[in-house]
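These are the residues of each chain, in order.
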Amino acid sequence: MLNIQARQEGSAAIVTIQGKVNFEVTAQLRDVIRDTVAQQQPKLLVINLAGVSFIDSSGLGLLVAARNSVDKSSGKLHLCGLPAQVKKTFDQTNLTNYFSIFTTEQDALRGA
Amino acid sequence: MSKGVVLVVDDEAPIRDILSFYLKRADYQVLMAENGLRGLEEMGKLQPDLIISDLRMPEMPGDDFCRQVKSSSATKDIYFMLVSALDGSMSKIGGLNIGADDMISKPFHAQEVMAKVDSAFRIIAMQKEIKRQNVVLRGFQDRVNSEMELASRLQMGMLPALPGVAPGIRYTHHYLPAEGIGGDIYAITPLPDGSTAMMIADVSGHGVTAALISSMVKTSFESQLRLGLDPHAWAVGMNQDLFRNTLAEQFATAFLAHLDPATSQLNYVVAGHPAPFLIGNAGGGKPQQLGGKGFMLGIDANLPFTSQRAAFRAGDRLVLFTDGLEEVEREDRTYLGEEGLMGFCSSLPADAEQAATQLVSQVQAYNHPATFSDDVTLVVVDRVS
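Going down the list, the sequences are from chains E and Y.
Using numbering that gives the first Met the number 0, read the first sequence as starting at 0 and increasing by one per residue.
Using numbering that gives the first Met the number 0, read the second sequence as starting at 0 and increasing by one per residue.
Hints listed in this document are in silico derivations from the structure and should not be mistaken for laboratory results.
All figures in this text were calculated on a predicted structure; none of them were measured in a lab.
Heads up, the beta-carbon is just placed ideally off N, CA and C, and yes, glycines get one too.
Just to be clear, a hint being listed does not mean it is correct.
Covered stretches of chain E, as calculated for chain Y (at least 3 residues, CB under 8 Å) [to be verified]:
| hint | segment |
| --- | --- |
| 1 | 47-58 |
| 2 | 83-92 |
| 3 | 98-106 |
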C-alpha cells in the first residue's frame, strides 16, 4: 500500500511518501507530484522518503523526471529521510550525486 | 419495422387475443401458441426476443417450458415472463428460481404487462449492445494477444543463441519477462580483433514500452561496438542515444564489459545496474561482487561514467543478472537482495546450464508462492582457456 500526502509550508511544497514505490503505483505518485508542482509552483519541492520500504527503477525514474520538471521552472527538489534500503538503491545508481539529499525534513526545508 | 418479436403462450384464447392486441398496437410482432410444446415449435420458425407464458397449460406447462428455453444455449438469453395466478401454485421467487426473468400475477391489467414488456425490451436492447461490444472487444483482444505473441518470439530471437560461445567464454541464459515481453536485454558479441563484448540492461518499467526501448538499447550497443573497444565510450554513447530517444522516466540500467581473452582483462562500466558476481575456480570459489557504480543510461545527456578493471581468468565464472532476480520480497517482508542472491551463488554446479537452472529455482523457491513480478534475466558466463 502506498500512502502519499502533499502539504504546503511557506513557498515550499512537501510530498510525503509511505510504502512500496514500484511500477504499480508510479502513476498515482506521478499525479500527486504533477498536481503539486502545477498548483503551488513551489520554489522548493521536498519529497520525504522516510516511510518508503522499497523503491524500484520506475520509482527512481519518477524522481528523476520530477527533478527535471522542477528544474525547468527554476525550482529545486530536495529529498530527505532515505531509509537504508532506499539509500543503497540510490548509491548503486549514483543518484546520491544527482539529487540534493538531506537527513531530516527540517534540513531539506532549510536547504542548506 | 416492429420493435421486436414477442411469443405469447396461453391455453386461453381470449388472453392470447388481448395481449396480442396490445402488443401489436405498440408495434411488436406477435407469435402465439396454446402451450409450451406449441411454443417451442413456433420458436423453431422465428426466434422471439421475449416470451410471455402462462404457468398452467396442458401438454407442457409454463415452468417446464421456461426450463427448456433457459437450458439451451441458443435460447437462454430470451427474456422470459411467467404468468401465474397467486394461488400458491408458483410463488414469484419460485418462478425466478427456475430461470424466469420476471413474473406477472393473474389477473393482470394489460397496461401493466405492456409496461413490463417495454421495460424488458430496454434490457434486451442493452444486452444486445453488450454482446455486440463483447464481440468487438474479443476480436481486439485476440489481435493484441497474437501481436504480443509475435513480439515475444521476436524478442526471444534478439537474444544470443544457446549454448553461447564467444572468444574466451561459454555462456547460457534464463530470460523470464513478466508480461510476455519485457525490458530486459543482453548481448554477447564476438569482436573482429578476437575479443568479446558483453552487455546486460534493464529498461525501467515493463511491458511493450520497455520492450521497444530494450531493442533500442541493443541497437545502440551494437552501433557503439563499431566505434571502438572501450566500454566507457560505449556508456557515454548509449547514454546520449537513450536520452535523445526516450521520454521522461524512461532509462536503462546496464553493465557493459569488454573481455580480452589474451590478457584475461575485463574492462567494464556499471551504469546503475547491479554489478555481476565473479566466482573463481570454476564456480567453486566464494562469489564476489564486482566493484563500481554509476548513473543509469538516459537520465541526462552529459552524465559522467567511470570504467573499472578486473581479471577474468580461465575457470572463473561471471553471473550477470537484472534486479528482478534479487528484488524479491516474501510475504513476511524478508528480502532476498544481492547478499541473499550471492549466498545462492556459493554452491552452484560446474555446468553453466545446471547452475543457471539451480539459481533461478532457488530464487523461485524463496519467492514461493508468489511469482516474479519484474522481468528476470540471468546470464552465466564461464571463462574458458
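Practice task
Go through the numbered hints given earlier and state which of them the structure violates, listing their numbers in rising order.
Solution key: Number 3 only.
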